[in-house]
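Top to bottom, those sequences are chains A and B. Under the working numbering, the first residue of the first sequence carries the number 1, and numbering increases by one thereafter. Under the working numbering, the first residue of the second sequence carries the number 1001, and numbering increases by one thereafter.
All clues given are correct.
Here are the computed distance ranges between Cβ atoms for each label pair:
#1 B:Glu1286 with A:Ile415: 44 to 52 Å
#2 B:Val1535 with A:Asp409: 43 to 51 Å
#3 B:Tyr1519 with A:Asp249: 53 to 61 Å
#4 A:Ala328 with B:Glu1484: 43 to 51 Å
#5 B:Val1535 with A:Asn241: 30 to 38 Å
#6 B:Ala1816 with A:Asp249: 50 to 58 Å
Computed list of chain A residues with no C-beta within reach of chain B, every gap over 12 Å:
#7 Asn172
#8 Leu179
#9 Ile232
#10 Thr352
#11 Arg414
#12 Tyr454
Please keep in mind that the hints were generated in silico from the structure rather than gathered at the bench. Even glycine gets a Cβ: it sits at the ideal position worked out from N, Cα and C.
If you want the building blocks of each chain, they are given just below.
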Amino acid sequence: ASVYRDFVNYKQVLAKIYAGYALTGQQGPAGDPDILGGDEGFSSYLRQYWQLQELPTDEAVIGWGDVGLSDLHEMDWTPNNQFITAMFARIFYQVSLTNEFIRETTDAKLEERGITGANLELAKEYRAEARFLRALSYWHALDLFGSVPFVTEEDEVGAFFPEQISREELFNYIESELLAIEDELVPARQNEYGRADQAAAWTLLTKLYLNAEVYTGEERYADAVTYAEKVIGAGYELEENYENLFLADNNTADGIIFAIAFDGLRTQTYGGTTYLVHAPVGGSMDPAEFGIDGGWSGLRTTEQIVDLFPTTTGVIDERAMFYTEGQAEVINDITDFTDGYPITKYRNVTSTGEVGSHPGRVFVDTDFPMFRLADVYLMYAEAVLRGGGGDVGMALELVNALRERAYNDDVAGRISANELTLDFILDERARELSWEAQRRTDLIRFNKFTTDNYLWAWKGGVPTGTAVPEFREIYPIPTADILANPNLEQNPGY
Amino acid sequence: REYDEASSTMATSSSRVETERSPLQGNVVRGTVVGENGTPLPGVTVVLKGTTRGTATGVNGDFTLAVPAEGGTLVFSYIGYEPQEVPIDGREQIDVVLSTDVEALEEVVVVGYGTQKKSDLTGSVTAVGEEDFQEGNITTPEQLIAGKVAGVQITPSGGAPGAGSQIRIRGGASLNASNDPLIVIDGVPVDNNGISGTANPLSLINPNDIESFNILKDASATAIYGSRASNGVIIITTKKGRAGDKFKVTLNSLASISQLRDQVDVLQGDEFREAVNRYATPANRELLGEANTDWQDLIFRDAISHDHNLSVSGSISEVPYRVSVGHLSQEGILLTSELERTTGSLSLSPQFFDESLRVNLNLKGIYAENRFANEGAIGAAVVFDPTQPVYQDNEFGGYFEWVDENGLLNTLAPRNPLSMLEQRDDRSEVLRSIGSLQLDYSMPFVDGLRANLNLGYDVSESEGQVILPPTLASVYTQGGSINEYEQEKVNKLLDFYLNYTQDYEEIDSRVDLTAGYSYQKFTNEIPPFATLNFVGDTITRAPNPIETNNVLVSFFGRLNYVFKEKYLLTATVRRDGSSRFSPDNRWGTFPALALAWRIIEEPFLEAQTVFSDLKIRGGYGITGQQDIGGFYPYLPRYVYSNVEGSYLLGDTYYRTLRPQGYDVNIKWEETETWNAGIDFGLFNNKLTGSLEYYFKQTDDLLSQIPVPAGSNLTNRLFTNVGSIENEGVEAVLNYYAVSNENINWELGFNATYNRNEITNLSRVQDDAAVGIQVGGIGGGVGNTIQIHTVGYPTFSYYVYKQVYDDNGRPIEGLYADLNDDGAITDEDLYRFEDPTPDWYLGFTSQFSYKKWSLGFVLRGAFNNYVYNNIKANAFYNNLDWNGYLLTIPTYVRDFGFLGVNDPNRQYSDYFVENASFVRMDNINLGYNFDNLLDDRVNVRVTASGQNVFIITDYDGLDPEVTGGIDNNFYPRPRIWSLGVQLEFQ
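Please model the complete structure; the sequences and the hints are all you need to start from.
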């Protein structure tokens, strides 16, 4: 396309790929959507990824009557579910976007267009980042859907039927892509804000290896340790104040490896963090404290998450961010906002108390921390405990670094070596990373997602919780896609 | 012998006449009246000219009438025949042969690129002239023919001033592409897309300037319009001066009052308080107020409108002309909505060079000022808590609003309906002009050859501004909002054709051959504007400007061949090129062929007297469709985001560039149509009618389908896939019940049966396919209630099967487990009925007695189903929200749903209702004061009522719902009008 003749345009095309995680189309907040069918804000990449990772777990319930939403709590979703359909479409939209960019920035094409010198170097960085983002989305596909259609830059845009790739092959492809671009990406912490660097690729590799047994049946904990070590050794620091990681100026917070950026004036969406800030506000909560015009009265958490903390307020562990006034801890009626505690983590207010930039206070400035250093610490510790080698002492130190921060540098938060168990890690992940779109993957890795090893309120649609069939560990391929592509075989059980 | 008996009967009656008229002391005239073929004509009116004395012929066509001794003239008149005047000249026996009314037979119908005699038609064409238009306060042209034409369904979209209608001719041929017919105004095809700042582009045509509608329904009639013809064609012809017309001035004035017909009954007063105290949380019970406010009553009004039209027509030195001006001032029944429209038109039709060059110039100009009401207030008024006061001392302009304990606005609550209207200033100004210059030249050296050039344009310019003050609750936080918009649309047309018409008497044949070329270009420009707040801060930056254009180039030809005046053939072909498709697929060919046989002309029917007209017709053709919304669907393109869609990399926000999804192979949608019809006239055309069957199949359906994930740059693509069928029967009957000198009574009846079915929707056949879900409903974001599925009608409702108790009351939360898996999931949804009526019909009566006239139009539809979205939101748990209360419709008493933890409730088939109806669309009474001031002035006074009553079992306000989802649309008012028409010549 002629757009690639002028190098100035390259970065705008690259920005589109990054924006694919934050925005829903070419008109913010809505109006010229990337994918069709259903509401734009509803189908936002991040909002759907978050919902599919959180709503079927103990971390979140949502009280709205939108069709298919309650099926996510009840874990009885079908292949027609609009949210699952939207997620699948978003993932493959990102794959298509990245393929297009990679196809248009091959060495041959760059040369043909006379892109040389510094521009050529930049173009190669962009291409490596596009490959990283494709790997990221394929990882989401691998984790959520298992075996999916497979397309690369080798396939031209058109109307063909992509082949389905097995989960193992997809795992291998993602791994090979990340390893291939490892050295092409900008070194850790050297890239511009918002763009992926080597540490982002390492973090993704760590996640891939940590969950390898789920994906392929083969343990790769040693590799997880290796890549977590690379991130840890890259010179990141933990953000001193945990709360600052989720505020309107969290672009200045430490310890965020890769973030999805939002802005109240220039990156507007009804999905993303706009959703995460608004949806848990309701009841007697004051929207002004969240820097917004009003809450959406939707999200709360279950009593099981509340019980992981010493108290419901942050006086001991500052990560206990619950709103309790006028709220019942136990959920009797999911549709009633005052049943269950909302988590007050995401806010459109800066660390100095300023409200975000949007004059209407609808769209927020808060970025979403996709990869955080704390997550890598916990992954390192877990990989070590799961027999991946590494240093148990270092694992304990890393976990305690998080604990001390949570306890306001109070040593009372520290744990001893014998307290560092896998179960502790899972609970600590819930405390540290709650509502950060990690929970479903974690519960599956600990074999607690579908089984009766762990029951939480409303699991399987029952107030006291019940086990559901194991096939629900992966989502179905949406009916629309099964129909559109005869090469696809539905996931077992659906 | 028979003759004798008959004449003796007549003699008796005539002797009575004679007795009455005895003072005149005259003779008696006898005679018989026969038709051209010698058959006696019964029922012919015989009147002594200038008197009221008269009689009618008997079964054998004979009559007897007392006449004065000297002088006198008899006038013989009969429907379908030319009236005849015969001076008595003292004769006692007068036998008369009446000839058939050539004008009736020669009635000319406008078809694409020319006209045709009605008797020569082979396709399905219906002409509706001025005399058959609906009367009353009609502000948009298509309303003139609502209920008048079989196979044409006109559904007004609502009651807003100037609001348009959904027009469907024989069902929709498409699924996602346009289903609107092509509309051609004085030879200029206009585009169907909206014009910013107007409720409906057709409302920019003054109905008073319209002379006729010609509706082309089947492919043999429409194929001449090729790629835009699949949904039928409506040709609108405006009034013109005629050669030889005398100077004439016509003034029409109409004043109307529009009233809300009905409102949604909701829980109010004590009943509401009781329900809140029973079902709401203790905290929310505290929210109950003291007032008794009827919110619906507050937002509606009795609205006044007037419409004045003045036209002058005649000929100045052989140049026929017509000039008209019109002014319409219409208030909507929803507060603040109004339309002011000024129209002007000029038509000149001079002829030059011995009438060999005929020129037709038509210019129309329109200036409209709209003020739009926030129609969201309608829904808000239905649900707003009736115990709250209208006004309150606050920062929201003094209107009550729901706030939290800190005085902050509750953003989820509905806004004060009255404030939504009164604090919104949403106005537009629209200028539009449509014009054409037609030159028709009869070539001097070749007899019967004409060349016709038509140059036309349709341009519009609109601008508008929406001002929302900072005190309006919805924009309170951002400090108000000021937004502007503009649009400029240009449509340019050039048509050229040659027509050759010749009679070959030696072989009893007539040939009418047309071949032509057409070029049309549409451009559309929308400049961008930022949205500001009241202190001048930018709320939304200016988006990207929009500039699009598309071009259609066509070649067309038509042959009409008539053999022995009874065997008719029409063959047409059009080749269209559209800029919407790639050069490889750009061209499409659309042929059609039709045959007709005028059986009535056959010798074996000469002897009978029952049939006065009989014709059978059959046709087949292929038409196309290219109006798919987008303009460049085949091109790989990159588009910029707006500023609000930027993304931060480093410290710079980049407006992003997105590669668009595309389909290089996209091409025409094709509809094949078969049509068979019979036209008949009985008893000397006292009863006429037609019966028609059609079958339409659209292939290569331009539909938006899911593409295989990863294969394109979108998840859904407009592409050619799938098929849809429409099949139907149309019947029309017109009956002259009475036709004599004093009384005329004409009845018209039309009925249409139509069914449609999707026969394919995907590239891969899969019986397990659920389909494409459509039809968004209120009560949850992204929720849909309809579905397109193979084997079912389009827009079928996709719902749970409600379970009822023994008393027939629905059991809350209980649905049939259709797949028997023990759980209610979306796999238990089933397809239940659809919004399109199986039958729709129109019934018209026009009665006149002397100078009085009385007419009405009844319109009905059967087995059209409607999802009652308002009823679906009627459940007790819906009273109680986070920090505010809502009221609910009273029909909740019938089923008493609580609505706790049941997300499936709104998908119950209980809310899909049969909305069959019969509506008194129009009733009007008129009186003529003829021949005043020495025959120079005619005055007609009319009174009319529109939307007078509806007979239906549907529970909602109005059973006629475009799209089939009833969710608080602008109610259609009941309108009473008084009009006066003054003709001066």
